[in-house]
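J.: Sequence:
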Amino acid sequence: MTTPRDLATPLSRITWRDGQTLASRDLREDQRYADQLRYLHIRYQHKTWGVVEGLGVFSSGGSAVEVVPGYALDIEGRELLLPAFTRVAAPANVAASTTMYLVISQSPGARACAAPLDLSTLCPGVKNPLPVETGTLSWKTVTQVRPGLDVLLARVLIAGGKLASSVDTSVQRAARSMAQPKIWSDSTQQGSTGWTDFMRTPLQSIRATVDASNGGFLSTPAYFPRLAGTSQPAIAYIEWVGPSAFAFVVQPVPIGSSPVPDAAKAEELGWNIEWLAIELQSAALLFPFSKLKGKLP
Numbered sequence: 001m002t003t004p005r006d007l008a009t010p011l012s013r014i015t016w017r018d019g020q021t022l023a024s025r026d027l028r029e030d031q032r033y034a035d036q037l038r039y040l041h042i043r044y045q046h047k048t049w050g051v052v053e054g055l056g057v058f059s060s061g062g063s064a065v066e067v068v069p070g071y072a073l074d075i076e077g078r079e080l081l082l083p084a085f086t087r088v089a090a091p092a093n094v095a096a097s098t099t100m101y102l103v104i105s106q107s108p109g110a111r112a113c114a115a116p117l118d119l120s121t122l123c124p125g126v127k128n129p130l131p132v133e134t135g136t137l138s139w140k141t142v143t144q145v146r147p148g149l150d151v152l153l154a155r156v157l158i159a160g161g162k163l164a165s166s167v168d169t170s171v172q173r174a175a176r177s178m179a180q181p182k183i184w185s186d187s188t189q190q191g192s193t194g195w196t197d198f199m200r201t202p203l204q205s206i207r208a209t210v211d212a213s214n215g216g217f218l219s220t221p222a223y224f225p226r227l228a229g230t231s232q233p234a235i236a237y238i239e240w241v242g243p244s245a246f247a248f249v250v251q252p253v254p255i256g257s258s259p260v261p262d263a264a265k266a267e268e269l270g271w272n273i274e275w276l277a278i279e280l281q282s283a284a285l286l287f288p289f290s291k292l293k294g295k296l297p
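Residue numbers (our numbering): 1 to 297.
In short, the hints are calculated from the structure, not lab data. It is possible that part of the hints are untrue.
[To be verified] Pair by pair, the computed Cβ-Cβ distance ranges are:
id, residue 1, residue 2, range
1, 211, 53, 42 to 48 Å
2, 39, 197, 57 to 63 Å
3, 157, 47, 29 to 35 Å
4, 19, 174, 48 to 54 Å
5, 143, 228, 46 to 52 Å
6, 95, 61, 18 to 24 Å
7, 146, 59, 22 to 28 Å
8, 141, 58, 20 to 26 Å
9, 19, 182, 48 to 54 Å
10, 157, 68, 18 to 24 Å
11, 247, 68, 47 to 53 Å
[Said to hold, decoys possible] With a straight-line cut-off of 30 Å between C-alpha atoms, the simulated DSSO-like cross-links for lysine-lysine are:
id, residue 1, residue 2
12, 140, 47
13, 140, 162
14, 182, 47
Bear in mind that the values here come from a model prediction, so they are computed numbers and not experimental data. Just so it is clear, CB atoms sit at the ideal spot from N, CA and C, and this is done for glycine as well.
Kindly produce the complete structure, drawing on both the sequences and the hints.
T.: Here it is, written out as structure tokens:
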């Protein structure tokens, strides 16, 4: 597995000491260190990008749009800020009717000083350099958009340098976690599934407790078991047992008149359980058929 370059690049923290003489470069380097850690946290922990807050787009006359101040994240975890209401004119060079997308993306040199670099003062001729952190607003065609690096804000039909349609903001993607739900699958070993006999009114039946602890679930997942090792049609009812994140109980119920063998015979025939589990925040709402059927006596 290849380590991403941004994780393989060492980060150096400045070691401060009493009486140390500091240049603006030192303070910027310390800020760069904090920014890099925040970037790594957003990109790898939250895996999220899109519009976080604000950035609404409204028509401003017939040849421009107004963008509300706001905050977005691109797919690389970089922060895109718009600190003030901004008027963006429609591209004047678009004559034929064309669908254009208003996007916000990273500004090149957004953290640069307000004057050319000088090694002695680092910001010559600038008494109080105040570089403004801001994203860049631009119009792009569908072929020019870089998904993820450009965060879509609006879609508009442009013709002759003017808006030829209403402003469509449905293309905006709300920033939300792209982390996938935890999924685990496994199977019990044929011949040692752990079938036990019990009486299910009015017939004798069997059941097995399946250990799901290897899945590492923190909450009760939605379980999807399958009875394997037999061609006999059967349904597996699920019952939670003990810590529901660690185990579940399967009871095969035959369809039709074919009887369920006793536990010893089921082991001899190689009956086992193949299962899949998905840990979701609201598993019971998404998978109501996997709700509690009852606990073991």
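J.: If a hint holds in the structure, say so; if it does not, say that too.
T.: Results of checking the hints against the structure:
The hinted window of 42 to 48 Å between residue 211 and residue 53 holds, with their beta carbons roughly 45 Å apart. The hinted window of 57 to 63 Å between residue 39 and residue 197 holds, with their beta carbons roughly 59 Å apart. The hinted range of 29 to 35 Å is satisfied by residue 157 and residue 47, whose Cβ atoms lie roughly 33 Å apart. At roughly 50 Å, the beta carbons of residue 19 and residue 174 sit within the given window of 48 to 54 Å.
Roughly 49 Å separates the CB atoms of residue 143 and residue 228, a value that falls within the hinted 46 to 52 Å. A hinted range of 18 to 24 Å for the beta carbons of residue 95 and residue 61 is consistent with their spacing of about 19 Å. Taken as a hint, the range 22 to 28 Å holds for the pair residue 146 and residue 59, whose Cβ atoms sit roughly 25 Å apart. Between residue 141 and residue 58 the Cβ separation comes to about 22 Å, which falls inside the hinted range of 20 to 26 Å.
The hint said 48 to 54 Å for the Cβ distance between residue 19 and residue 182, and at roughly 51 Å that hint holds. As the Cβ distance of residue 157 to residue 68 is approximately 21 Å, the hint placing it in 18 to 24 Å holds. Take residue 247 and residue 68: their Cβ atoms lie about 51 Å apart, and the range 47 to 53 Å holds. Restraint check for residue 140 and residue 47: the C-alpha separation of about 25 Å stays at or below 30 Å, so the hint holds.
Using a Cα cut-off of 30 Å, the hinted pair residue 140 and residue 162 holds, with the two alpha carbons roughly 15 Å apart. Proposed proximity of residue 182 and residue 47 is supported: the alpha carbons are some 15 Å apart, at most 30 Å.
Of the numbered hints stated above, none is contradicted by the structure.
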